[in-house]
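S.K.: Read off the chains here:
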Amino acid sequence: MLYDNKSSSSPCFDKDSGIRVAKRSSEGHCRTPAYIRGKIGVIERYCGNFPNPEQIAICHPKPDVIPLYRCRFYQKDIWPHYTGNDCDTLELEIFEHWLEPATF
Amino acid sequence: MHDEVLKMGPHDVGGEKYLQIDTEDHGMTYWEKFSNGLRIAVSAKKIITLDELRLTAEKFGDEYFQMEYFERNGKALTHACLNKKLLTDKELIAGKKRHKENFTIPIIELPDPKSIIHLHDGEPHTHSRDDFQEDEKGEGPPDYFLEMLTIADILTEKKLIKMEDIFLKIEQFDNQYPARGIDVVTRAWVDNSFRDFLINDAKNAIIDIGIKLESFADIICMPQSDKMHHLVVCTLCSCYPRALLGMPPSWYKSRSYRSRVVYEPRKVLEEFGTIIPDSVEVKVHDSNADMRYLILPQRPKGTEGWSESALSALISRDHLVGVRLPKNVI
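Sequence lines, in order, name chains A and B. Per my numbering, the very first residue in the first sequence carries number 1; after that it's consecutive. Per my numbering, the very first residue in the second sequence carries number 1001; after that it's consecutive.
Any given hint could turn out to be false.
Quick list of the computed label-pair ranges, beta carbon to beta carbon [what the hints assert, rightly or not]:
id : chain 1 : residue 1 : chain 2 : residue 2 : range
1  : A       : 10        : B       : 1201      : 20 to 26 Å
2  : A       : 18        : B       : 1103      : 40 to 46 Å
3  : A       : 10        : B       : 1301      : 53 to 59 Å
4  : A       : 87        : B       : 1201      : 24 to 30 Å
5  : A       : 23        : B       : 1164      : 44 to 50 Å
6  : B       : 1083      : A       : 23        : 30 to 36 Å
None of these hints come from the bench; they were simulated from the model. All figures in this text were calculated on a predicted structure; none of them were measured in a lab. For glycine and all other residues, C-beta sits at the position ideal for the given N, C-alpha and C.
Okay, chain A solo, but in the shape it has when bound (with noise of 0.2 Å):
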């Protein structure tokens, strides 16, 4: 199912702020990779609103205008098998309808 409903044009996420990506399937084209859905990370930074490119991909008249964030995790977070250090990171961008508010 593609997540068209959402046009929130004011970010509902702080920086810093703890985030788990949803995690669930996906159909059609999206820019949210499998290996982080369901991770818990933070908020690095509000990018802007940007136009939904599940929409775009299906050449939807008017694609949402929705925030995007990039994301921060740790490393050790992701993989459970991690080989390099603790605190080693990975920052993606993800798009507000793919965040859930999460704690550590």
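Since chain A is already given, all that's left is putting chain B on it; use the hints.
M.R.: Just chain B, lined up with the frame of chain A:
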């Protein structure tokens, strides 16, 4: 929910176990450059969006990784043009046939082979005609390139794009874009206020020094330091700051780099010859949506007083993606 269910398609490779990375860049053929120029001309005019082209490629399923990068992108463009009825199957077949003929090399009449007597091991000897070869590698262009030429013709006839748009993109990717990222970095090395501007607001800092960015995306600059090492990947496709660095190298687009660098960045860096001390945090940036990343290396030691032009000789593209570090001069 089971993690396997979450995987979106063949393109969603982050975290896959995969092979060693071929860290050499193999460059691009002319037809790869043409196909890339066409794809960008078409998406820049919003005739077909990048997200539509990505979705089309993602639907190739198992065939996705059976095709190499430019073939996959080219075939996705063909599918999308057919779906949108920008061309018909009949036009495609006819166009490919016409272009194929342009690559048919006429047979040149050779002298009668039997009349040519020459010596092998001191013995007079003749050859049959089959032994004459005009061209050892006359394979011609790949099939998808004939499709790209056909699409370029038809979209030009429909006045949706101009051939010049494609040739301009080829020229910019070859000669303009790769130098820009290097100019930005050397400026940041010699000018601290520009460096601060770049780190705080990269897009405007870059525009401020007179570089006109064609990219719709925002740019973020991440400075390397003694405490943190940054590197960039796009696990879903090949997002890359093209307007600053040109086309991504072969390895950046490879399944091996895209799948592995997110979960074993230190090991991947070692394959590029880059050893990061344990005391330094490694931060991977998955460039998966609308931001593009420029990594700012530290200025090499021993270059005090050097000009920007002299400094630029120390920089390679790999430093600006974060897989290698420029060497100190002392």
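S.K.: None of the hints should be skipped; say for each whether it holds.
M.R.: Checked hints:
1. A/10 to B/1201: 20 to 26 Å: holds (21 Å)
2. A/18 to B/1103: 40 to 46 Å: At roughly 59 Å between Cβ atoms, residue 1103 of chain B and residue 18 of chain A fall outside 40 to 46 Å, so the hint is violated.
3. A/10 to B/1301: 53 to 59 Å: violated (46 Å)
4. A/87 to B/1201: 24 to 30 Å: Because 27 Å falls inside the window, the suggested range holds.
5. A/23 to B/1164: 44 to 50 Å: holds (48 Å)
6. B/1083 to A/23: 30 to 36 Å: Because 32 Å falls inside the window, the suggested range holds.
Hints 2, 3 from the list above are not met by this structure, while the remaining hints are.
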